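Asker: Going down the list, the protein sequences come from chains A and B. Just so you know, the first sequence maps onto residues 77 to 408 in the numbering used here. Just so you know, the second sequence maps onto residues 77 to 408 in the numbering used here.
In case anyone wonders, no lab produced these hints; they're calculated from the structure. The structure presented is a predicted model; accordingly, all values stated were derived computationally and were not measured. Among the hints, erroneous ones may be present.
If several chains are the same, the list does not tell them apart, and a pair holds so long as it fits within one copy or across any two.
Unchecked claim - For lysine-lysine, the following BS3-like pairs were computed, each having C-alpha atoms within a straight-line distance of at most 27 Å: (1) 158 - 335; (2) 220 - 343; (3) 335 - 275; (4) 158 - 187; (5) 181 - 158; (6) 220 - 267.
There are 2 protein chains.
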Amino acid sequence: MPDNHRILLAARPTGIPGSEHFRADVEPVRPPGVGEILVATRYISIDPAMRSWIGAGPSYVRQVGIGEPMRAGGIGRVVESKAAGFQPGDWVQGRTGWQSHPTLKGDQTQKLDLSVGTVEDWAGPLGTSALTAYFGLRDVGALKPGETVLVSGAAGGVGQIAAQIAGIEACRVIGVAGGAEKCRYLTDTLKLDAVIDYKAEPDIAAAIRRACPDGVDVYFDNVGGQILDAALLSLRMGARVVSCGRISQTGAAEPYGVKNLGALGGKRVRMEGFLVFDYHDRYPEARAYLAHHLRAGRLRQRLHVVEGLDQAPAALAMLFHGGNTGKLVVGV
Amino acid sequence: MPDNHRILLAARPTGIPGSEHFRADVEPVRPPGVGEILVATRYISIDPAMRSWIGAGPSYVRQVGIGEPMRAGGIGRVVESKAAGFQPGDWVQGRTGWQSHPTLKGDQTQKLDLSVGTVEDWAGPLGTSALTAYFGLRDVGALKPGETVLVSGAAGGVGQIAAQIAGIEACRVIGVAGGAEKCRYLTDTLKLDAVIDYKAEPDIAAAIRRACPDGVDVYFDNVGGQILDAALLSLRMGARVVSCGRISQTGAAEPYGVKNLGALGGKRVRMEGFLVFDYHDRYPEARAYLAHHLRAGRLRQRLHVVEGLDQAPAALAMLFHGGNTGKLVVGV
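All chains, full assembly: derive it from the sequences and hints.
Answerer: Put into C-alpha cells, the structure is as follows:
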C-alpha cells in the first residue's frame, strides 16, 4: 500500500499564496471504513476560490485549518472500496484535497460516467468550473440570443467555457485576456468574435467601446477591479453583470475602488454574485448541456496540467499571476 | 389670463446645480389645443434624478436642452380644458416642468383622486418618490418579513417611504441620515428601529455593524459612495442592494471608488438598479397599497415646501446639500 502524500496549510497568506504557506507531509494511507473509499488522485483542480478558504478574511465556507490538508476538488481512481456502488478501478470525483491517496466518504463522491467524456473532460469542460460558467451565464446572466457578451479572464478555467457557451447561444462574444498567446488561442481555437489584450491596451474602456460599439448586454466578470470599472461604462440598458470572480484583487496592496456604479441606477443594471453549489440539484441538466456540445465539437477546453503534487502551491500562485491558459489542474 | 412664468436651463452644471445654471422667463400662456389642458401649477417635485437630465453625462432620458424649461413632475389645477375627462378646477399631476401655467397633453396627465388622499398626499406619500420606494423595496429588494433593512438617505423623499414600508412589512429598519434633527424625526415620528447619523459617526462601517449585528438583508441605497462601501461589509448571505440613487456622488470632485464589491461573489449578493417608469402598469397596485397604509396612519411623509417658482434652482441645490427633511417640493 502506498503512502498518502499531502500538502498541508502552514500559514495564512495575506497576498498571493505561495510555497511558503504550505508544507509537504506523508502519512500511511487510512484504510477505508464502512461507506468509505480509498482513492488514488489523478487531477486536482486549482481554483481562484481557494484563496478565500485559506486567508484571514471572511469566506463562504469554513476556513482550512493550519496543519490540515489543503481543500480541493479532484479526480482519481478507486483503490479500495467499502462503499456501495464503488469498485476498485472506478474513476471518481470528490474532495480529494491536496492528497495523493485520500480516504473519502462514498456519499460525497461521484462516479464519473466515461461514456459522456474522458477523465480529462471531467477535469475540464464537464467539471465544476464549467458548471460555474453554465449557471453564471445562463441563470445569473440570463443571456438571450443576439446579445453581446463580454467575458473577462476569458482564457481561464471558467472564462473559456463561459465564452463558448455565449457563442453556442447565438451571442456575440468578446473576451478579455492578458497576453498575445492567450488572445490568439481565444480567437483562433475558441473562435471568439473579438479579443481585448488588457496588457497591451493603455485604455481598457476605449478598447471595450471599440469592440462593443453597441454596448454590452452581459458582462461575465472573472476579474473585478479596473476591467470591471471599464466594462461598467459600456453597459446597455438592462444589462447584467455576473460577479463570478475578482482575481485581479488577490494580492492587491490596496483594493481597487470601482467608480462607475452609477450605471446600475441609470441603466437598470443587475450585478449579481452566486455560488455554484447552490445549483447542485441542477448539475445533471448542466452536464447534459455541456456533454452535448462537447460531443458536437462546439465546446473545448485546454487543460493546463502542472505535474506533481508538490507543485500544487506553485500552481496556485501561477493562477493568481495569470500564468495558465485554460483550466489549471495539478497532475498527481 | 396670467402669464406663464418659467425657469429655463441656461448652462450645464458639472457639479451641484445652482442658480447660475438657470434663468427666469415669462411668456404668455399658450391656450390649450384639442386634447390639451392649461394648468396652474401648485407643487413641483424636486428629485435627485434631475441632475442626470441636465448634466453633460449620459442619462436614461433625453437631456433637457439649453433654453428649454426645466423638466419636472408637478401637481396643479386645471384652468382650461380641451381634453376629454378634464374640467376646470380638477387637480392633476403631470409634466409641469418648472412652469407656473404650462399647457399639457391630457393623455400624459392624470387626474388626482382626492377621495384617496389630499393634494399634499399626492405630492408626497402617493407620489412618484413613494412609487419608487415601493417598487424598489418590494420588487428589486424582494424583502421578506423578519429581515433587516438598511435605508440610506432615510430622511429624504424616497427614503422615508422605503423605511416605513419596510416597517409595515415586519422588517427591522435602520436608517442612515445626516444630522441630529433628521435622525430624531426618523426615530420619534417615523418610528424606525434605529438610526445612524453619518455626520456624527467617524466609522460608518462600525456603526452599521453595531446597529445590525446579524447583518443586513436589504440595503436600500439612495446615496452610493462611502456609505454603500460600508454597507457592503455588513451584508448577509443572499442580500440585495437596491441601487436607487447615489446622491453623495453629485458634485464630488472625484467619484468615490467602491472597494468592497467582493461581497457580491462570496455572499451571492444581488445589486440592482431600476427605473420606476418601467413599473408604470403597476402604479395602481402601488397606490392602493400606499393609500391603504396612509389611511391607517402607518405611513406619513413630511413635505418640505420651498415656496416660489423662482426658488426652484435653490431648492435643487438644497437637495444635493442634504438640506431637506422629507419630500422636497417647490410651492408655486
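Asker: Each hint needs a verdict: does it hold in this structure or not?
Answerer: Status of each hint after checking the structure:
When the C-alpha separation of residue 158 and residue 335 is checked against a cutoff of 27 Å, the pair qualifies neither within a copy, at 56 Å, nor between copies, at 49 Å. Taking the shortest alpha-carbon separations for residue 220 and residue 343, both the intra-copy value of 18 Å and the inter-copy value of 26 Å come in at or below 27 Å. In this assembly of identical chains, residue 335 and residue 275 lie within 27 Å of each other by CA distance both inside one copy and across copies; the values are 21 Å within and 22 Å between. For the homomeric pair residue 158 and residue 187, the shortest alpha-carbon distance inside one copy (14 Å) is at most 27 Å, but the shortest distance between copies (77 Å) is not.
With identical chains, the CA atoms of residue 181 and residue 158 are at most 27 Å apart within one copy only, with a shortest distance of 9 Å there and 80 Å across copies. Taking the shortest Cα distances, residue 220 and residue 267 sit within 27 Å of each other inside one copy (19 Å), while across copies they are farther apart (45 Å).
Checked against the numbered hints above, the structure violates only hint 1.
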